[in-house]
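Chain A is already provided as a structure; the job is to place chains B and C on it using the hints.
Here is what each chain is made of, one letter per residue.
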Amino acid sequence: MFFVLDVAIEAPPGITILFGPSGAGKSTLLDCIAGVLRPDEGCISAAGLVLYDSQRKINLRPNARSVAYVFQSLALFPHMTAEENVAYGLAALPRDERKLRATEIMKAFAVDKFRSRKPAEVSGGERQRIALARSLATRPRVLLLDEPLTGLDAHLKAAILDDLRTWNAAHRIPILYVTHSREEVSALGERVVAIDHGRVVSEGTPVEVLDAPRRKRIAQAAGFENLLNGSVADVREADGVMRVRLDGSQLEIEVPLGFSAVGHKVCVAVRAGDILLATQPPQGLSARNVMEGRIVAVEPRGFLTQLRVDCGTPFLVHVTPSAVRALELAPGQRVWLVLKTHSCHLVES
Amino acid sequence: MLIRSSLVLALLVSVVPPKAARAQEIRVAAASDLRFAMPELAAKFEKQTGIRVSVTYESSGSSFSQLQNGAPFDLFFSADMEYPRKLEAAGLAVPGTLCTYAVGRIVVWTPNGAKLDLPRQGLNALRDSSVQKIAIANPEYAPYGRAAIAALQKAGIYAQVKAKLVYGENISQAAQFVQSGNAQAGILAESIVKSSSMNDGDAWEIPLALYPPLEQAAVVLKSTANKEKAVSFLQFVKGGDGRAVLGKYGFHPEDVAPSRAGAT
Amino acid sequence: MTLEPLLLSIRLALVVSVILLAGGLPFAYWLAFSRWRGKFLLETVVALPLVLPPTVLGFYVLVAMGPQGPLGRFWQTFFGHGLAFTFEGLVIASVLYSLPFAVQPLVASFESVDRKLLDASAVLGAGRARTFLRVVLPLSIPGVVTAFVLSFAHTIGEFGVVLMVGGNLPGITRTISIAIYDQVQSLDYGQANRMALLLLIFSFVVLSVVYGFHRRVGRDLGRRLWTP
Chain A
1 MFFVLDVAIE APPGITILFG PSGAGKSTLL DCIAGVLRPD EGCISAAGLV
51 LYDSQRKINL RPNARSVAYV FQSLALFPHM TAEENVAYGL AALPRDERKL
101 RATEIMKAFA VDKFRSRKPA EVSGGERQRI ALARSLATRP RVLLLDEPLT
151 GLDAHLKAAI LDDLRTWNAA HRIPILYVTH SREEVSALGE RVVAIDHGRV
201 VSEGTPVEVL DAPRRKRIAQ AAGFENLLNG SVADVREADG VMRVRLDGSQ
251 LEIEVPLGFS AVGHKVCVAV RAGDILLATQ PPQGLSARNV MEGRIVAVEP
301 RGFLTQLRVD CGTPFLVHVT PSAVRALELA PGQRVWLVLK THSCHLVES
Chain B
350 MLIRSSLVLA LLVSVVPPKA ARAQEIRVAA ASDLRFAMPE LAAKFEKQTG
400 IRVSVTYESS GSSFSQLQNG APFDLFFSAD MEYPRKLEAA GLAVPGTLCT
450 YAVGRIVVWT PNGAKLDLPR QGLNALRDSS VQKIAIANPE YAPYGRAAIA
500 ALQKAGIYAQ VKAKLVYGEN ISQAAQFVQS GNAQAGILAE SIVKSSSMND
550 GDAWEIPLAL YPPLEQAAVV LKSTANKEKA VSFLQFVKGG DGRAVLGKYG
600 FHPEDVAPSR AGAT
Chain C
614 MTLEPLLLSI RLALVVSVIL LAGGLPFAYW LAFSRWRGKF LLETVVALPL
664 VLPPTVLGFY VLVAMGPQGP LGRFWQTFFG HGLAFTFEGL VIASVLYSLP
714 FAVQPLVASF ESVDRKLLDA SAVLGAGRAR TFLRVVLPLS IPGVVTAFVL
764 SFAHTIGEFG VVLMVGGNLP GITRTISIAI YDQVQSLDYG QANRMALLLL
814 IFSFVVLSVV YGFHRRVGRD LGRRLWTP
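Chains as they are written, first to last, in the numbering used here: chain A, 1 to 349; chain B, 350 to 613; chain C, 614 to 841.
Just chain A, with the same shape it has in the complex (with noise of 0.2 angstroms):
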């Protein structure tokens, strides 16, 4: 099976995050820059040093490229104290002042109260924080950070979060930081870099990169409930907008006007929480999208509850509960669902 890794990109000091779903190869770019996999070709280099040049041939080991790296499983020595998986990488210094820059790293992200314990006598949040402080006791040239905080709580998350940036403050080293949840995106709030089947598909802002997904990977991890394959039955240019006819029905929607001619077929992703619902037919709206259809579930999801609505073409629908009990809302029900032209979204499949 083959996988084709093909980037290029550029991260300046700070919080660069490399989004993307499973098997898009964030985790193998960043094994290339740390030096654990060899790529066929190109070029790497970290604050002005070259540490993979094909044409040059030079492949600098893992060893010897300053780089940080902090894998999903940690991998923290289990038959070490927390202090000595943090002072692994100073081996080089003197004993006192190994002994110096560890513990000022520890208090930083504050561990040093677990110095002697093992990795296994320390919880999860702990565990991620030793494995923080032993990647940054070496004062890499880069930190890259693999879905780092999977498994942890929101507040736990922040916290861990507050204290790498502050670290960052001083320091000001490039950090990518690879993750699949969207909403570690937009709390990160930093640079964003799509990656999908190896290639790069957007960067940007995460409202830029999250909101308007060019690749229907993307849309779904990025929250889109409804992917809707159609064609295009009619361009209109002057108006900025066309009409997509979806596939399996004889519905017709309005979408963005996007760089496709009549008969092509595409993908248009909607989010649940865009349509708005109607148990009577809506009268005098702006907006151009109003299907009828029948409901054909209702599933409480804790805070919002999400309806399937059959309108030729299955919809999934998200309204409060409250509207729920309002409306009297139940299987089999009429609607109207009604959807604006700009919550559609043109999704490459």
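Errors might be hidden in some of the hints.
Stated by the list, open to error - Listed next, the stretches of chain C that the computed footprint assigns to chain A, with coverage defined by at least 3 CB atoms under 8 angstroms from CB atoms of chain A:
#1 731 to 737
#2 740 to 750
Unchecked claim - Distance windows between CB atoms, simulated:
#3 Gly825(C) <-> Gln415(B): 38 to 46 angstroms
#4 Gln584(B) <-> Thr657(C): 34 to 42 angstroms
#5 Glu299(A) <-> Gly651(C): 56 to 64 angstroms
#6 Thr615(C) <-> Ala92(A): 54 to 62 angstroms
#7 Asp801(C) <-> Leu557(B): 28 to 36 angstroms
#8 Asp549(B) <-> Arg38(A): 58 to 66 angstroms
#9 Gly462(B) <-> Arg728(C): 52 to 60 angstroms
Think of the hints as simulated: they come from the structure by calculation, not from any bench.
Virtual Cβ for every residue (Gly too), placed ideally from N, Cα, C.
Below, chains B and C alone, put in the same frame as chain A:
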């Protein structure tokens, strides 16, 4: 993976049942020094009578232990008198079948190129510094080893060469030690040395006066199911044809004292 | 009954086990982590003593030790006498015979170390030697113990190879297994039984001490080996 497959192979091999003994076959336990003479004896016998002789070669001590514990042999050709006598005394032999079939001799064997002057110096040549190791069969239980020690003692050089001695489990192994060059000389059985595989060296006959005669006796075992066939093979070996073959291979059936010949 | 054969066997087993560990560690490390395509050939060679009957192995070692053989010639040049029928000869033959019992547990142990730990060590600036000494080896202690114990036990019980190259010299090459065999051959069953019992008791004591200690250490290590 390799270990697993070789284990499976070993299991299979051990589980394969041994060939069922056929009625037209007798099983013989023979001393190692008969290794070259016995096949010819067996072949001639089969040609004459159609009875197959299957032979197992071991040191006489090993055979004796096994026979004591019920090993399924019909005949035992030992390299000495003691073991067959013990079997008879223990009631494991068919009475009256114990007999001497040959007399063995020991020789000093050296590989080609050795510069020992045995014809003139006799066993004293073994004291030469070029001889670092002398291989003999283990005297604790091998008759030829005991004979070798006896000869060295009689020649008065045992004390001087004792440190050079190395012991093979049987005379075949002693021969191996010399042939591989690890021992520079060996006191071996003449019957081993007469075989073609040892023609890359010289054998010097040790004077008979230096050691008690190596009388080799055979006996039919009580547990045999083929008594008549076993007896007929024994008679064949002691008869004219058998003696001719034995003589060819370094045994001396002519030396067997008539009183020891035993009953037919 | 003399203790000499047992002491000789113990001496032989200790020397052989130490040599196998000293040589086996770097060799096993290479086998575990090398990516050379011909690696499987070496693995097969290492496993050969498992399938070869000991007497066959012993025979070829005997030939190799002879004046024409590679081992014999080398030894003769350096030491002025032959290699067969000496304690050193037994050591060499036993090292060959017990090789897989040392190398295979070591390789298995090294290979079971989480590769990510090795990557982490490299990324943190450690060279291969440091990674081996500080990460791989401490996490492979059970394998090292197993390798030592198996080599030791296997050598104590060795018979076929010693028979072929030893020459049965008391105090030099007459190990306890040979001594017991001699006694059986000489029909001295009483002595043989006594010696066999002595060997059995000794082996039982040594092995139970090692396994008892190992189990305790192993359990502790097992707890610590869990990574999140």
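Structure-based check of each hint:
1. 731 to 737: Contact hint for the region 731 to 737 of chain C vs chain A: holds, 6 residues under 8 angstroms.
2. 740 to 750: Held - the region 740 to 750 of chain C has 4 residues with a Cβ nearer than 8 angstroms to chain A, which meets the minimum of three.
3. Gly825(C) <-> Gln415(B): 38 to 46 angstroms: holds, 40 angstroms
4. Gln584(B) <-> Thr657(C): 34 to 42 angstroms: violated, 54 angstroms
5. Glu299(A) <-> Gly651(C): 56 to 64 angstroms: holds, 60 angstroms
6. Thr615(C) <-> Ala92(A): 54 to 62 angstroms: holds, 58 angstroms
7. Asp801(C) <-> Leu557(B): 28 to 36 angstroms: holds, 31 angstroms
8. Asp549(B) <-> Arg38(A): 58 to 66 angstroms: With Cβ atoms ~59 angstroms apart, the hint holds.
9. Gly462(B) <-> Arg728(C): 52 to 60 angstroms: Roughly 59 angstroms apart at Cβ, these two residues keep to the hinted range, so it holds.
Checked against the numbered hints listed earlier, the structure breaks hint 4 alone; every other hint is satisfied.
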